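Take these sequences, add in the hints, and give me the full structure.
The listed protein sequences correspond, in order, to chains A and B. Each residue of the first sequence is one higher than the one before, counting from 1 in our numbering. Each residue of the second sequence is one higher than the one before, counting from 1 in our numbering.
Read the hints as simulated data drawn from the structure, not as lab findings. Source: prediction; values computed, not measured. Be a bit skeptical, because a hint or two may be false.
What the hints assert, rightly or not - If you want a taste of the chain B side facing chain A, the calculated C-beta under 10 angstroms gives, among others:
1. Val129
2. Ala131
3. Ala148
4. Val337
5. Ala339
6. Thr342
7. Met358
Built from N, CA and C at the ideal position, the CB exists for glycine as well.
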Amino acid sequence: MTVLTFAKAINEALRYEMRRDERVVVLGEDVGVNGGVFRCTEGLLVEFGPKRVMDTPLSESAIIGVALGLAANGMRPVAEIQFSDFIFGGFEQLVSNVAKFRYRNAGHYAAPLVIRAPVGGGVRGGMYHSQSPESYFTNTAGLKVVVPSTPSDAKGLLISAIRDDDPVIFFEPKRLYHSLKEDVPDGEYTVPIGKARLVREGSDVTVITYGATVYDAVAAAEEVEKEGISVEVIDLRSLIPYDWEAISRSVRKTGRPVIVHEAQKTSGFGAEIAATIAEREIYSLEAPILRVTGYDTPYPLVHEHLYLPNKDRIANAIRKSAAH
Amino acid sequence: MRGWWEFITILGKRRPPDPEDLGLERELLMRMYRLLVLTRALDRYLLRLQRMGKVALYAESLGEEAAMVGSALALRPEDVVFPSYRELGVYLTRGVPISEILDRQLNTVDDPLKGHEFAVFGDSRFNIVPAPTPVATQIPVAVGYALAFKIRGERRLAVTYFGDGATSKGDFHEGINFASVYKPPIVFICLNNQYAISTHVSRQTGAATIAQKAIAYGLSGYRVDGNDAIAMYLVSRSVFEEVREGGDPVLIEAVTYRLGAHTTSDDPKRYRSEEEVRYWMERDPIERMRSYLISKNVMGEEEDKALWAEVEALVSAEVEKALAKPGLDPMVIFEDVYAEPTPQLREQMEEFRQQLRMERVMRG
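What follows is the structure, given as structure tokens:
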């Protein structure tokens, strides 16, 4: 075990995989000489050289398209999009090409690539450095979408993503990069994609969330515990595929689901979870399914702590649910 | 030195040089001509099959055969092709059997792409990566594919084909720009057939040529007579050789003309004149090659007639066979989404299986 920040855990996963497998290459804007604007690729250029760590032109569509070509031709590329807000420059590549690649060529060529992108708010980043665009991609067959929330998961899930035979979009909650540290297993360490993490056990209300809001959910759970409400918190860790077993087990126990994410409410991933709970577990419910999310506005620069699903908003939703 | 400012043609010259002066042997010229004829014959059949309702949509190659066949003949089997959606002549030149192209177009049980998409063709056995329909999106992917060759030190080449319309898209510029920095072994071939559906190339760019766009990226561009299989072959051969040996990426503009419609859903009479079409009919790439071979005594009239008859009979026999094949199982629609289906997809597959069972029961 070594104490690592989230950013260092990403760096450790990349280094570990690049040492283990020479097919793994890294490309993106400022990932080489500069080591990435969040320092996630620091030191990789020195260790692995310019053939495996490529500073690219400022060209999101080419970064994603080139990564796909590398993947189709036997490499294991990990491309970085500097902010998930800039991923839309490569949206067509992701949706029309990467996602449909295996299907279009009926398995003749595969697309084992990872697109890493910092996601989410809480860093005073304004509308183009704070967005949570995951739903655009969870609505596209052929992609996997992963959002880790701890340094250990960041390492274990990124290694799994690199070894996965399909394209994975790997969203890294940027406000966690340097704000927390924990013991991370050394060496070989994987976390399976598609398995949720039970963050906290409880019996009255289930909070289902992912990414940075896991911490807000835990803080809210601790607060309402003083009022006698016992809250279970589930960190989904990956959205496609998602761990329905973990959700249904908990909802059967509590009957009171509250879904939390930073992305805007309408058509957010929470709608998918809510609909599936309604389809399959309606008779387990003791209270309406509630959502605490970003609002349907562009991400605001000012008052972002009010816009985000913060501890108070989550605690209020838990109280509302428990009152039923 | 050659460059984009020169229009490279052989058959377009008033007195084309003899095959010996070009260093071309009879066997190669006859192979080239047979591929041109085969492309045209199969193209006609596919168009007919679409009209019969057997093929969902078809994009004709009529008029562009020389640009396809001439360039693809200069490739090696280990080189990799990223076509667009109209390169029938490229597939045939790569050695793809007629039967497989028919399986693909008719979506028979042997369709190599399992009916997942129409019009496009691809098969890893022939190093052809199937195209996406969104125009130009194959270009950056081809660059990445070539980059892997460079990283591993393999002397192989990626070639990507696209139309004049594609040069207006960001992916053309992003792809060629990326290639100009990392210099992987790639050749960009623009089949400038002068129309993107109804829009003339003069509405795609204010530049006089497509080839000159290479200059801004620090690369070479060549402008070639795309209705001249020999010119296309000779230029491609020397460019491919150079790039395979570590030369910079190159852009080749093949100036040709789409004699047919954009696809079977298009009516070109709405946007171009008969005179214009007649002008290009007179420069039909196959007729040009035919008269060259006859005038240079490479081939006789009788031999030509026999070749056409042989090819027509071959294609028509293959069409008969393909039409008799059964179609694909409905469950194929769930295949190849992921290496392993997700739990969510597995559940939907089960739902679909039950839907199929119900339908069978309803039909009795």
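Okay, the hints, checked on the actual structure:
Using the Cβ-Cβ criterion of 10 angstroms, the hint placing Val129/B at the interface with chain A is satisfied: the shortest such distance is roughly 6 angstroms. A distance limit of 10 angstroms between C-beta atoms decides the matter here; for Ala131/B the minimum to chain A is near 8 angstroms, and the interface restraint holds. Because the smallest distance between the Cβ of Ala148/B and any Cβ of chain A comes to about 4 angstroms, under 10 angstroms, the interface hint for this residue holds. Of the supplied interface hints, the one on Val337/B holds, with its beta-carbon coming within about 6 angstroms of a beta-carbon of chain A, less than 10 angstroms.
The beta carbon of Ala339/B comes within 4 angstroms of a beta carbon in chain A, closer than 10 angstroms, and the hint placing it at the interface holds. For Thr342/B, the interface hint holds, the least distance from its beta-carbon to any beta-carbon of chain A being 4 angstroms, beneath 10 angstroms. Restraint check, Met358/B versus chain A: the minimum CB separation of about 20 angstroms is more than 10 angstroms; hint violated.
Hint violations for this structure: number 7 only, all remaining hints satisfied.
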